[in-house]
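Residue numbers (this note's numbering), protein chains in the order written: chain A, 23 to 457; chain B, 542 to 721.
By construction, these hints were calculated from the structure, which means they are not laboratory data. Treat the hints loosely; a few may be bogus.
Heads up, incomplete: computed chain B residues facing chain A, CB under 7 Å, no partners named [as the list claims (entries may be wrong)]:
| no. | residue |
| --- | --- |
| 1 | 550 |
| 2 | 559 |
| 3 | 561 |
| 4 | 572 |
| 5 | 575 |
| 6 | 578 |
| 7 | 579 |
| 8 | 580 |
| 9 | 581 |
| 10 | 713 |
| 11 | 717 |
| 12 | 718 |
All values reported here derive from a predicted model rather than from experimental measurement. Beta carbons are placed, not taken as given, at the ideal position from N, Cα and C, and that holds for glycine.
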Amino acid sequence: MADWKINPIKEDCEEVSEVPQWFPLDVAATIYPNAARHGWSTVYRFAFIMKEEVDPVILKQALKDIAPRFPSFLVNIKSGLFWYYFERKDDLDIVEPEDYYPCRYIQMGESTKPAMRILYYKNRISIETFHAIADGGAALVFNKTLVARYLELKGVKITRTEDIADIDYKPRKYEFEDSFRKNYTKETKGLTRKEETAYCYKAPAIKNYYKVIHGLIPVEDLKAAAKAHSMTITEFLMVAYLYAFYKTAPGKVNKPIKISIPASLRARYKSKTLRNFSLFANVGFNPKGRTDITFEEIFEMVKGKMEEGLSDDSLHKMLCVNARDASNPILGIVPSFLKKPVMQFIFDHAGENKFTSGMTNLGIVKLPPEMYEHVERVECLLGSSPTKKILCAMITYNSIINISFTSDSEKTDVQRVFFRVLSERGVRVRVESND
Amino acid sequence: MRCNECNVDLAENAKVCPLCGSKASDEEAVIKNMITAEYPEYGELRPLEYYIQKNDVYFGKWMMVGIVALSAILLVISAIFSFLDTVLYIVLPVVYALAAIVYFVSSLKEKKNHARGAMYFIMLAILDGIIVLAGYLTTKGIGQGYYALGSAVVALLALMILGGKYPQEIDNELAGRFHR
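Bound-form chain B, shown alone (with noise of 0.2 Å):
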């Protein structure tokens, strides 16, 4: 097949030429020897969700999102209507402790998911340790901070736990996050 407006060969099958729409003209090419590379005949145009795998998106990242809108959100009301004490001391901890088992948890369950969470018990600890920190700066003493510490305590011992148990996963998933 040829296209005289083009002046060039086209694929045996080409109805119309692809460069200029004109009819293909069914005349015999010019370069010999040549077969035709086909493509599949393509459906409809799919939407982005059919590339983006599913079975792999761990909850982890999401979860840690939330807790930190969260404790924004907590600490935003409680300054408002004048509860702030209760909510850093001992609700935001009490969130933390409870994020930490999950993750914990989350982990001895399913073996892709044993070191997955090795970051979020390291930022748990953080914020636990911010909150510490506060409860030091106001009261030149860790009397507020008890829960804070309890939390951080339960983040790094799961963190441990885990490090015991899978220690090349561990040692891998935070060489890689922190670039060690």
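One chain only, chain A, in its complex shape (with noise of 0.2 Å):
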């Protein structure tokens, strides 16, 4: 997913003069609001390891620092008479150690902070965001350009790349830009939400527990293994969490097993907003009452999914369904208070049902030639969902990808196929855990 270059592109560098006290959400922020509930919100987490202590003083001015040139991450949501909206933050007293499970509740509206908090322990940053405000590729390029500035404050000399953002620029225009308004198109043709309910994993939630498992893996490693069943990595791994959640089932499965997998849409539509612009296709197999079906099948009835999924076409349909809905002049006129519920509905018997987990790829982390002697790793972490026992997210830096498996149950029967399936195959896994 950081797959778009944040550094001034000269053509389109329009800096914002004043920014809006508030501004309204993009279409995909819409449901986040929406779905949260009382103690539970979307937060996702990305953390830097650092090969020394963080110094929480330095932090604190990092974030000070870059705050002006990030203006749409430093909010939180309060509610209008008939829609969320963003209202800006300036309480950047958002530093603090890391003493809790990770991506905890994180308090809308009523409060004095942007919906974002970072956290240090040791060696490691932890950047914790509300995805209302961004998508994952988005946030990397803000928990980059703090790190970044961290090191710099460090004394570090810091090459500007087109890796971070650099600070001494306005923000621009395109950073605020809606890519799904402005892209979509009116076609009515084929547009649709019908999907299968898809099988769901049940596993004994612990209120206030969250438990995280990383598996790093040399990226060389999977690279072979999947070339071995001519996969590429991404379908590889795929097969190999969706073989995880059929093998762990307590019977026979009759509903489709399904992963949805996220993608950027930035490269497609060459957008630079620093809002959320992703989509998601939910690929999977059922397995009709089979309990005999190995791996490789798996992939078999896969094959070509993810592509057909992913397509430009596909994804652009999705696109307009979500902003022809968002832009519904009935749902304009319903108070907030009566279409909360009703999109909370929506969400969880018309959205969330639909995938039995998700798997979340952020691609290959970037950055300037000097950080790499200071970052020793970086990790992502998806936050609870009511429904969705178990997450998925990975990401690759320094040839070594780790993926990270978090999950309200202390059960690990998944992660434990996931990672001996890969073991199995040849591939070299270190496993930690915060647990």
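Need the complex rebuilt from these two chains, each delivered in its own frame; the hints are there to steer you.
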């Protein structure tokens, strides 16, 4: 998903002269405050493992220094009469020591603080963001810039490359853009949300608990294993994940096991927005009660489905469905308090139940050359979901792919099968956990 | 450290495998030069209230909810005991006017509350407007609506004063709330 460059693009760098105090949510963000409920909101985390212990004073200063460059990140959500909207927050007291499970609840609305937090513990800097603010691809720019500034303040000279934002520049208009609305075309043919309900993985949840299991894998090993099966790395990992759900199912499965694979739309639409601009495809297979399906057979069943689901045509259709629904004039005149329960129901019953779990790949993290000497590892974690008991995120840095499973349950059967499938195919794996 | 059951490397300090719970074996890791990124020791599981920022809960929303609930209760009781007109045309407008004054004073007292009551002045004026309309429809004159009219004037006047005193803040608040 880290597929676009943030630094000045000379022919298109209109600066924002005055950043508005409030601005509307983008199309994808609309669902998050509506789906949020008491004690739960969609939060994800990026973490940078530094080679030295983190200095919180410098980290706070780094945040202050980059804040004017990223006004769309330092916001919280307020409820308007008809829709939610973002309101800028100037209270930057969001840097705190990490002393609890990752991706905990971020308060919306009645807060003086932005809907994000920055945590530090020993060598780890973690940035947790409410998903309505930005998707992972955009947040990664903010996070890389924060870490770059932190290192600069520690005396490291960082070359200004296009991988981080230049904080000497003002924000650009295109960074605020709602690219969904911009690229929406009023096509009506073939626009549908109809999809078969997916197999639901069940595990007993523990309140306020969040288990993380990281699997660190050399990219060369994965490449070799995927190549041996004539698959790409993403396909190989997706098939392993589907296989893990299939093997751990308590009985015969008659519903499709599907994984939601998000894809950034920035490269396809040449967008440089720093807000949400990604969609997803649900890819999987239906075992139809069979219990003897092999890893290779699953690949044969899902072959081509990912390309099809993530094709330009499919994603454009989905973009149009989302933008069309968000722009519905009837929905526009229904007060927020009436809309929220309806959208929450849609989120639970027409979105979340269409896939078994999510697997997001943030791609390769590139940093200015001097930062490699100071950053050991990069991690990405997905926050809990009311219906999904396990989620997976992966990110590649310095030839190591970091696959992180998060779950509000102590059960680890899926993770165990997943990593065993990999190691049985000659992939070296290092497993770490927070529990 | 290694887990021989899962055939994976483990963190240097791992006692058991996080995947299968087997005892970690003191073998050399297969992937070299990796450091363990430690997580803190977590204490007791915290209640949800721990995460909720208490210092910025604005009373205005709850007062408005209370006013609407009180209005509904008073209307039902007065309708049962046949003193609806007194409640509708006198008691409720007085309650609304008092509420507007409370919002106004709170707006002046604290910087962070300067604009937060803006929407509630409008809501109070709308409630008063409904009473005036009800009075007009039943008597074909303004007769019964004087208190409500006065109360609406109080709410709107308060909003105008605040708008003059803190124009940018009030404008921002209303622009956001009404998506102007």
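Evaluated hints:
At its closest, the beta carbon of residue 550/B sits 4 Å from a beta carbon of chain A; the interface hint therefore holds under the 7 Å criterion. A least Cβ separation of about 4 Å between residue 559/B and chain A falls short of the 7 Å threshold, and the interface hint therefore holds. Hint on residue 561/B holds. Least Cβ distance to chain A is approximately 6 Å, under the 7 Å limit. With 7 Å as the threshold, the beta carbon of residue 572/B comes within range of chain A, its nearest partner Cβ sitting at about 5 Å, so the hint holds.
At about 6 Å, the closest approach between the beta carbon of residue 575/B and any beta carbon in chain A falls short of 7 Å, and the interface hint on this residue holds. Look at residue 578/B: its Cβ gets to within about 4 Å of chain A, closer than 7 Å, so that hint holds up. For residue 579/B, the suggested interface contact is upheld, since its CB lies about 6 Å from the closest CB of chain A, less than 7 Å. With a cut of 7 Å, the hint placing residue 580/B at the interface with chain A holds, because the nearest CB-to-CB distance is about 4 Å.
The interface hint given for residue 581/B is met, as the beta carbon of that residue sits about 5 Å from the closest beta carbon of chain A, less than 7 Å. The criterion of a C-beta within 7 Å of any C-beta in chain A is met by residue 713/B, whose closest approach is roughly 4 Å, and the hint holds. Contact between residue 717/B and chain A, as hinted, is supported at the beta carbon level, the nearest pair being about 4 Å apart and thus within 7 Å. Interface hint at residue 718/B: satisfied, since its Cβ lies 5 Å from the closest Cβ of chain A, which is below the 7 Å cut-off.
Violated hints are absent here; each numbered hint is respected by the structure.
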